[in-house]
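> Given the structure of chain A, go ahead and fit chain B onto it with the hints provided.
Letter by letter, the chains look like this.
There are 2 protein chains.
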Amino acid sequence: MTNNNPGQPVPVLLDGKWQTSNSTGTFQATNPTTGEKIATLFPISSWKDCELALQAAEAAFWELKKCGIEKIAKFLELYADKIDADKATLVELANRETGLPTAPRLGDVELPRTTNQLRIAAKATREGSWSLPTVDTKANIRSCYQALGPIAVFGPNNFPFAFGSLSGGDFAAAIAAGNPVIGKANSSHPETTKRFAELAIDAVREAGLPLGTIQLIYRTSHDDGMKLVSDHRIGATGYTGSRHAGLALKAAADAAGKPIYLELSSVNPVVFLPGALAERGEQLVDEYLGSVLMGTGQFCTNPGFVLVLDNADGQLWIERVAARFKAAPCGTLLSPAVQRSLTTSVQTLVGFGAKLLAGGTPVDGPRCAYSNTLLEITASTFVTNPEGFQTEAFGNAALVVKAKSVAEMVAVLKGLEGNLTGCIYSATKDNSDDAAYSQLAEIMEFKVGRMLNDKMPTGVAVSPAMNHGGPYPSTGHPGFTAVGLPASMLRFAKLTCFDNVRPHRLPDVLRDPPANAQTWRMIDLQWKQG
Amino acid sequence: MTNNNPGQPVPVLLDGKWQTSNSTGTFQATNPTTGEKIATLFPISSWKDCELALQAAEAAFWELKKCGIEKIAKFLELYADKIDADKATLVELANRETGLPTAPRLGDVELPRTTNQLRIAAKATREGSWSLPTVDTKANIRSCYQALGPIAVFGPNNFPFAFGSLSGGDFAAAIAAGNPVIGKANSSHPETTKRFAELAIDAVREAGLPLGTIQLIYRTSHDDGMKLVSDHRIGATGYTGSRHAGLALKAAADAAGKPIYLELSSVNPVVFLPGALAERGEQLVDEYLGSVLMGTGQFCTNPGFVLVLDNADGQLWIERVAARFKAAPCGTLLSPAVQRSLTTSVQTLVGFGAKLLAGGTPVDGPRCAYSNTLLEITASTFVTNPEGFQTEAFGNAALVVKAKSVAEMVAVLKGLEGNLTGCIYSATKDNSDDAAYSQLAEIMEFKVGRMLNDKMPTGVAVSPAMNHGGPYPSTGHPGFTAVGLPASMLRFAKLTCFDNVRPHRLPDVLRDPPANAQTWRMIDLQWKQG
Numbered sequence: 001m002t003n004n005n006p007g008q009p010v011p012v013l014l015d016g017k018w019q020t021s022n023s024t025g026t027f028q029a030t031n032p033t034t035g036e037k038i039a040t041l042f043p044i045s046s047w048k049d050c051e052l053a054l055q056a057a058e059a060a061f062w063e064l065k066k067c068g069i070e071k072i073a074k075f076l077e078l079y080a081d082k083i084d085a086d087k088a089t090l091v092e093l094a095n096r097e098t099g100l101p102t103a104p105r106l107g108d109v110e111l112p113r114t115t116n117q118l119r120i121a122a123k124a125t126r127e128g129s130w131s132l133p134t135v136d137t138k139a140n141i142r143s144c145y146q147a148l149g150p151i152a153v154f155g156p157n158n159f160p161f162a163f164g165s166l167s168g169g170d171f172a173a174a175i176a177a178g179n180p181v182i183g184k185a186n187s188s189h190p191e192t193t194k195r196f197a198e199l200a201i202d203a204v205r206e207a208g209l210p211l212g213t214i215q216l217i218y219r220t221s222h223d224d225g226m227k228l229v230s231d232h233r234i235g236a237t238g239y240t241g242s243r244h245a246g247l248a249l250k251a252a253a254d255a256a257g258k259p260i261y262l263e264l265s266s267v268n269p270v271v272f273l274p275g276a277l278a279e280r281g282e283q284l285v286d287e288y289l290g291s292v293l294m295g296t297g298q299f300c301t302n303p304g305f306v307l308v309l310d311n312a313d314g315q316l317w318i319e320r321v322a323a324r325f326k327a328a329p330c331g332t333l334l335s336p337a338v339q340r341s342l343t344t345s346v347q348t349l350v351g352f353g354a355k356l357l358a359g360g361t362p363v364d365g366p367r368c369a370y371s372n373t374l375l376e377i378t379a380s381t382f383v384t385n386p387e388g389f390q391t392e393a394f395g396n397a398a399l400v401v402k403a404k405s406v407a408e409m410v411a412v413l414k415g416l417e418g419n420l421t422g423c424i425y426s427a428t429k430d431n432s433d434d435a436a437y438s439q440l441a442e443i444m445e446f447k448v449g450r451m452l453n454d455k456m457p458t459g460v461a462v463s464p465a466m467n468h469g470g471p472y473p474s475t476g477h478p479g480f481t482a483v484g485l486p487a488s489m490l491r492f493a494k495l496t497c498f499d500n501v502r503p504h505r506l507p508d509v510l511r512d513p514p515a516n517a518q519t520w521r522m523i524d525l526q527w528k529q530g
Numbered sequence: 001m002t003n004n005n006p007g008q009p010v011p012v013l014l015d016g017k018w019q020t021s022n023s024t025g026t027f028q029a030t031n032p033t034t035g036e037k038i039a040t041l042f043p044i045s046s047w048k049d050c051e052l053a054l055q056a057a058e059a060a061f062w063e064l065k066k067c068g069i070e071k072i073a074k075f076l077e078l079y080a081d082k083i084d085a086d087k088a089t090l091v092e093l094a095n096r097e098t099g100l101p102t103a104p105r106l107g108d109v110e111l112p113r114t115t116n117q118l119r120i121a122a123k124a125t126r127e128g129s130w131s132l133p134t135v136d137t138k139a140n141i142r143s144c145y146q147a148l149g150p151i152a153v154f155g156p157n158n159f160p161f162a163f164g165s166l167s168g169g170d171f172a173a174a175i176a177a178g179n180p181v182i183g184k185a186n187s188s189h190p191e192t193t194k195r196f197a198e199l200a201i202d203a204v205r206e207a208g209l210p211l212g213t214i215q216l217i218y219r220t221s222h223d224d225g226m227k228l229v230s231d232h233r234i235g236a237t238g239y240t241g242s243r244h245a246g247l248a249l250k251a252a253a254d255a256a257g258k259p260i261y262l263e264l265s266s267v268n269p270v271v272f273l274p275g276a277l278a279e280r281g282e283q284l285v286d287e288y289l290g291s292v293l294m295g296t297g298q299f300c301t302n303p304g305f306v307l308v309l310d311n312a313d314g315q316l317w318i319e320r321v322a323a324r325f326k327a328a329p330c331g332t333l334l335s336p337a338v339q340r341s342l343t344t345s346v347q348t349l350v351g352f353g354a355k356l357l358a359g360g361t362p363v364d365g366p367r368c369a370y371s372n373t374l375l376e377i378t379a380s381t382f383v384t385n386p387e388g389f390q391t392e393a394f395g396n397a398a399l400v401v402k403a404k405s406v407a408e409m410v411a412v413l414k415g416l417e418g419n420l421t422g423c424i425y426s427a428t429k430d431n432s433d434d435a436a437y438s439q440l441a442e443i444m445e446f447k448v449g450r451m452l453n454d455k456m457p458t459g460v461a462v463s464p465a466m467n468h469g470g471p472y473p474s475t476g477h478p479g480f481t482a483v484g485l486p487a488s489m490l491r492f493a494k495l496t497c498f499d500n501v502r503p504h505r506l507p508d509v510l511r512d513p514p515a516n517a518q519t520w521r522m523i524d525l526q527w528k529q530g
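If you read the sequences in order, they're chains A and B. Heads up: the first sequence is residues 1 to 530, going by the working numbering. Heads up: the second sequence is residues 1 to 530, going by the working numbering.
In case anyone wonders, no lab produced these hints; they're calculated from the structure. All figures in this text were calculated on a predicted structure; none of them were measured in a lab. A portion of the hints provided could be inaccurate.
Pairs count within a copy or across copies, as identical chains cannot be separated in the list.
As a list, the in silico DSS-like pairs of lysine-lysine whose alpha-carbon atoms are at most 25 Å apart [what the hints assert, rightly or not]:
| no. | residue 1 | residue 2 |
| --- | --- | --- |
| 1 | K528 | K123 |
| 2 | K355 | K326 |
| 3 | K455 | K138 |
| 4 | K447 | K66 |
| 5 | K66 | K414 |
Chain A extracted, bound-state conformation:
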């Protein structure tokens, strides 16, 4: 554990050492519940910190290849145990920096999810099937996925644990695939990230991994961020955050031929078909409310875009939701920046012609908060400016689109960009919605990474079948998921083929038999274990 010296920026973690940053300035996080700056000063790293991190990460990468997977798995488990044991501190730090409730959210939901993910990652590493070992016995050609190189992780503001730069899904996947990680803390919760780094580096030492496996910087200039993701020593980058910053990093990484996996904005369309609203309209108000305002709407998969038919049931549903929006307490937003961007987004939508049914103003006082905001437009208005009306309002705001017909609903879906999720609710007691469903579902499936029926999208299960991904611009590539092991590990791996390579020189998973009898391998087009 490191001590914070008052008046001095905290150290960065480079090559196993907590050292004074070569900084160009400092920043502070804000407690969004009080609106006050938190005293701890964090350094803004200059390129020199990045260079040192890259050097150490490159050296660690080659050492990691020799460590063997057992040490990597052990590290992930030790780290998970340390996080569980440190729950009180982590929850307190994160609550102060993000305003997210200590319970159930941080302590009972997000923290167990985080350690569960790390333990699943350990299992996936040991088991080896993640690497899709493939054998052609006749031609003696074998292939599998292997570690790619140092991974830069830029975590988001909204999940300080489960998507944290040094604790979340990208981190777990990158490490489990055998890569060192350079974490760039999210500026809204640097102290939480620092605490994770302290626990992680202890676990690195105990597991006997190279010290450069886990490193932490807190912030860089935009230029240095672009330089980092495009550096020749970087294997790939995982980024979750705003579209603007993400696309700037993507441009830099792309130009250098470096993979970058982005999880950007998404409005997550939900269609309530008329049969569903006729049958269970009131229940669907509850169901929607339980999702849309959860976490003050600050989920990547928040259902911020609703499509209903403009009939009596549709109108009633909207009125009930608007009333509930007005009645519900306004949650705390993650940071002043989120409050500002939500204010701007709502203004933008109103400027384009959306009608305010509820909210539309910041909450008075020092707390970062905005009134629960419901906006409405017609489908015929939407299609005149589909891009504009897909402006993401990250936070407790949603837009309802009223369509006069299923044909208008089709037109709205056709105007949607790529999204992480899309849901359709339809009648369960009769088949009155079936024709409409067929027309809408084929378009929606094409536009989203995860298609749901009769279920809200905010739960993103850590499941091997999960896709937390989707077509551009919700992510940077439609073929990868950021959640769900072992699939998410493939983002941080290279495919390597071994052609006529002598048996004793093959990687463990490609030997006959493989080192672990549990490993699934595709042998002559048949999946087999052992």
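Frame of chain A; chain B shown alone:
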């Protein structure tokens, strides 16, 4: 079959109709054996042709989704049959346009490989396992890969059949994954590509696929090419060709968030360790010669970069290879453009300080040909300009690097860019090369897509375990292969998750049981059939 009107450019194939191109000019191919232009005029399409192609491809995409996989598989098989039946014509056209020998190369090797690939693609489509269906029974979450959208294919000059825009590996993979293809012919063999389009569209009609499934244009402006790969209707692009043009297309596609799979230049390093040369030096001269001058060196995987130890055996090997280069007949190059670029590349390498051991001059006369060229430098020279000495000399030229020690060999490998392949030859009768192998192999494995032992890289087996890919800049992404079904299909697919979707609405492969009992699915982390 379409007739070519003398003096008029041939038609393009748009939406099932052979129609006059909206062209901005014309071009002709050259017979590289005679150096003469071939009479047929081919149109340079304006954007209007591209726009029509995109409209038809988009419509075809949605129809294809409803066709069912059996029709797609049937098309691939019918098409393969038609190609086999048309062998004489195809071989004649391709020989005239590329100078590649009619036999064995075109007729007995490349054509059977092409039809074999199409038939394997048909099988992969029917079988369904390519889509990696994944089921979490407890959470009722399911996912699989699905068709992505219209695919633009830019085929290379060197394989008019097996990598052809409308006949090769990218084509087969894109169609098998359920996508329409817009083929852009390679300008060096447009008539061969046109013949494939004629056969393909007949097969499309017979199989009952939408007519926009297969379309053909011959050439566009560079700007229109960039516009095409970044168009919102495009799912992805497959490109095989020069680095310069490929990176320009990549920049455009990346900026639009469109996947583009490139197969660019590669020098394909080969290391002959001292034990191997001491033991079987003369045999390794034969083995090398059989690969390096094959097809006049015009393979993506041509072993154009050799690393040997500067000792008596190494010197002898080089001298023997140089003598063989001088004695061997000079093959015909694919086009005047290839002859020009080879001339430039050799001049560049010589300019950087490489010593000419053989060749170095264009062959006199009208034929497109260059003398078999062997160049040499020392490892200490290489490391002063690694980028320069990796200038690809596409054709019958190779560079030998002489190292004074294994440490120098390591330094050379560390200076290499990403490559498609890398080989190490080592002693078989004793373990004298083992220590050197270990040091070199870990670096080489990291730099290449396919690692070989004691085998030349020019054979790229159509195997499920093949990786015809590699780190940048040999390709645009280290995780994908351009050869080897079913893996190559994943480039042209999106991951879609179905969360709580009602059973009858699921794609065939995700229903219980799946439509095809042969389909492999990962159910609760266990691979199972049916």
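> With reference to the structure, classify each hint as holding or not holding.
Taking the hints in turn, this is what the structure says about them:
In this homomeric assembly, K528 and K123 come within 25 Å of each other (Cα to Cα) both inside a single copy, at 18 Å, and across copies, at 20 Å. Taking the shortest Cα distances, K355 and K326 sit within 25 Å of each other inside one copy (15 Å), while across copies they are farther apart (81 Å). Proximity of K455 and K138 under a CA criterion of 25 Å is satisfied inter-copy only: 16 Å between copies versus 48 Å inside one chain copy. Within a single copy, K447 and K66 get their C-alpha atoms only as close as 42 Å, which misses the 25 Å cut-off; across copies the closest is 17 Å, which meets it.
In this homomeric assembly, K66 and K414 come within 25 Å of each other (Cα to Cα) only across copies, at 18 Å, whereas the closest approach inside a single copy is 50 Å.
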